[in-house]
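Visitor: Here is how the chains run, residue by residue.
There are 2 protein chains.
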Amino acid sequence: MNDQRRQSGLDLDLGDQCSAIAYGWAKRTFPTRLGRMGLPVLQVDGSFCNLMDFGELRVAMCSDGVGTKVEVAERTRRYDTLGHDLVAMVVDDLAANGVEPVNVSNILDVDVLDADIVDQLMRGLHEAARVAGVAVVGGEIAELGSRVRGWGDGMHFNWCATAIGVLPRGINPIDGTRVAPGDLVVALRSRGFRSNGFSLARRVLEADLGPDWHDRAWDGEVTWGQVMLTPSRIYSPGVQALIASGCALHGIAHVTGGGIPGNLERVLEPNGLGARLDRLFPPHDFMTDLIRRGGVEPRDAYRMFNMGTGMLLVVAADDAERCVALLRERRYEAQVAGVVTPGSGITVIEPLGGREPCVFDGGR
Amino acid sequence: MNDQRRQSGLDLDLGDQCSAIAYGWAKRTFPTRLGRMGLPVLQVDGSFCNLMDFGELRVAMCSDGVGTKVEVAERTRRYDTLGHDLVAMVVDDLAANGVEPVNVSNILDVDVLDADIVDQLMRGLHEAARVAGVAVVGGEIAELGSRVRGWGDGMHFNWCATAIGVLPRGINPIDGTRVAPGDLVVALRSRGFRSNGFSLARRVLEADLGPDWHDRAWDGEVTWGQVMLTPSRIYSPGVQALIASGCALHGIAHVTGGGIPGNLERVLEPNGLGARLDRLFPPHDFMTDLIRRGGVEPRDAYRMFNMGTGMLLVVAADDAERCVALLRERRYEAQVAGVVTPGSGITVIEPLGGREPCVFDGGR
Chain B
0 MNDQRRQSGL DLDLGDQCSA IAYGWAKRTF PTRLGRMGLP VLQVDGSFCN LMDFGELRVA
60 MCSDGVGTKV EVAERTRRYD TLGHDLVAMV VDDLAANGVE PVNVSNILDV DVLDADIVDQ
120 LMRGLHEAAR VAGVAVVGGE IAELGSRVRG WGDGMHFNWC ATAIGVLPRG INPIDGTRVA
180 PGDLVVALRS RGFRSNGFSL ARRVLEADLG PDWHDRAWDG EVTWGQVMLT PSRIYSPGVQ
240 ALIASGCALH GIAHVTGGGI PGNLERVLEP NGLGARLDRL FPPHDFMTDL IRRGGVEPRD
300 AYRMFNMGTG MLLVVAADDA ERCVALLRER RYEAQVAGVV TPGSGITVIE PLGGREPCVF
360 DGGR
Chain S
0 MNDQRRQSGL DLDLGDQCSA IAYGWAKRTF PTRLGRMGLP VLQVDGSFCN LMDFGELRVA
60 MCSDGVGTKV EVAERTRRYD TLGHDLVAMV VDDLAANGVE PVNVSNILDV DVLDADIVDQ
120 LMRGLHEAAR VAGVAVVGGE IAELGSRVRG WGDGMHFNWC ATAIGVLPRG INPIDGTRVA
180 PGDLVVALRS RGFRSNGFSL ARRVLEADLG PDWHDRAWDG EVTWGQVMLT PSRIYSPGVQ
240 ALIASGCALH GIAHVTGGGI PGNLERVLEP NGLGARLDRL FPPHDFMTDL IRRGGVEPRD
300 AYRMFNMGTG MLLVVAADDA ERCVALLRER RYEAQVAGVV TPGSGITVIE PLGGREPCVF
360 DGGR
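Listed in order, the protein sequences are those of chains B and S. Sequential numbering of the first sequence, starting at 0, is according to numbering that gives the first Met the number 0. Sequential numbering of the second sequence, starting at 0, is according to numbering that gives the first Met the number 0.
These are calculated hints, taken from the structure and not from any lab test. Be aware that a few hints might be false.
As the list claims (entries may be wrong) - Which bits of chain B does chain S cover? Going by a derived footprint, with three or more residues having C-beta under 8 Å, they are:
id, stretch
1, 32–39
2, 173–180
Claimed, not checked - A few chain S residues that don't get close to chain B, going by computed Cβ distances all over 10 Å:
id, residue
3, Gly64
4, Arg76
5, Gly132
6, Gly137
7, Cys159
8, Val165
9, Gly219
10, Arg330
Cβ atoms here follow ideal geometry from the backbone N, Cα and C, with glycine treated the same way.
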């Protein structure tokens, strides 16, 4: 496990430590808003977004970026899809708390500017924002010269955004506190890699296919570069539709870094519960292929990649089929994938079959 | 002028073009919020923050970063002051619209993590947030490996943030539309370089003092590295105090990239007015020294650096002295620096004396 983590080029333990440091200092700023608008309401450590009291409303705010998926865009010279990844990262973190995403602001760090690439990026962002139903209300393009580097010639960049969303007074956030044994887990299919796991994925592809892995064919039709660039599906509109329909949504896990176990644990932890997932979607063929090329063990792959499932919804058992039907009406691929169990620990029965189940016993 | 701009390593015209592209695409996402919360209210091109309708409230959102000032922290190995620059950049852009800053979310892009540096950065951010009266409610630390580069060994990073603020219904944003000839311009002194102009400043210092310019003495007491790292003063609490006191604030220019002319023009443009500034604070001695070493012409220096003034307030003439007194009570250095004139164009009478006045005739 740890070897696998190190192999990805990221030190996840140091990452957790640094996040804890940042959160510790941030928490000490919460009292600045006592008795005023903007007082943080959630004081739960480790949530990806906080919720602030604005009188009749609560406002949530969340920041993220597309990480090193940018390199795939640089390699394929296609820049109009990353906006979907960027919007997905931030609005789906809000949606995972039951919050309606409303506005997005983005920051594009570049070494040198290329107006055509900026145009493609921003067009993609605009398309994704329309899908998500959010307005892009601000942004910053920062020319940082040699502080930003990337693959090949031309403009290199790093891209991140912050989204805000609202939750009217009287409506509860979805934070896992209502999850109970017997609740069903509904899986939403991903399109491919979202915006995490790229450091490991690129390393595997480079080791197996060489420095120009992006131009190598995955099958007769598409290259590895095209496959890896597959834009993220944005789930927030589906989640908003479920909330509007009164669906008994008890918890939502947005499957990003940490994978299914890392993100579902966050939802099950408040009540000390577990889950048995035996009908997950299978990983995409190119994902399985990449995992095989890298010799990545399934239990590690489930932590590093989304494995075909981009979001998990925990729903009261008697409401699950209605949720699935509603999602399918909106053209999301959705299916009941498992059940919440008493006691902690997540068991994944591999959809590929033929191997031992993966058991994740807490301790992210 | 353009030579000077190019000398800074930034192409300001291409920068403007790319900002216009980004804004053009963003604007096409505004209708996604028609009839719902989060509809952008300001449709004025070129504002640094928008204002969104949230029913009883309007919420503003603004993003920025500390740019290449980071290199000075890397050179001096002092990391606990940049938080002041980061908070200043985002909350003072909100304050410049008459909006009360409320919450901040930050994104730290790193190559490799160093928990001690993260701790210093976040401690500084926390201190600055307490000064500004805002809660740090979220953040993201992204490990981007070789996509982030910097000076010397160890962790390198780029750092940006998004702030949100509120404006209750019935209170007007401060957008320059009430500015009239005869209004006075009140200057707020800066502490030094804020977070803009560092590409040019570093180039000048490296050319004049060599690659280790940060260790060279500026005077007997401090090094150039220390002087250049001087943290930004945060003006927002002063602006909030003026608004609370009912001060007749008609326009506010936060002096960042573009300097006094670029940012004051934005405030004077709505009514086609100009200004004559004959009592500005003098630039800091180290700023003057740097400008002399670089052979930068004063009219260029006023576009690239803050020249001693970090914010300009446009105030009704009969309220200006009261504003200045209120600001001084809160230990801001403030003075009346000039007057709004009919017709466009900004004339700066150089506080150092002995030269021709700098006339900026619109056309940023």
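Visitor: Please go over all the hints and tell whether each is borne out by the structure.
Guide: Consistency of the hints with the structure:
no., hint, in the structure
1, 32–39, "holds (count 6)"
2, 173–180, "violated (count 0)"
3, Gly64, "violated, 5 Å"
4, Arg76, "holds, 17 Å"
5, Gly132, "violated, 5 Å"
6, Gly137, "violated, 5 Å"
7, Cys159, "violated, 5 Å"
8, Val165, "violated, 5 Å"
9, Gly219, "holds, 32 Å"
10, Arg330, "holds, 19 Å"
Checked against the numbered hints given earlier, the structure breaks hints 2, 3, 5, 6, 7, 8 and satisfies all the rest.
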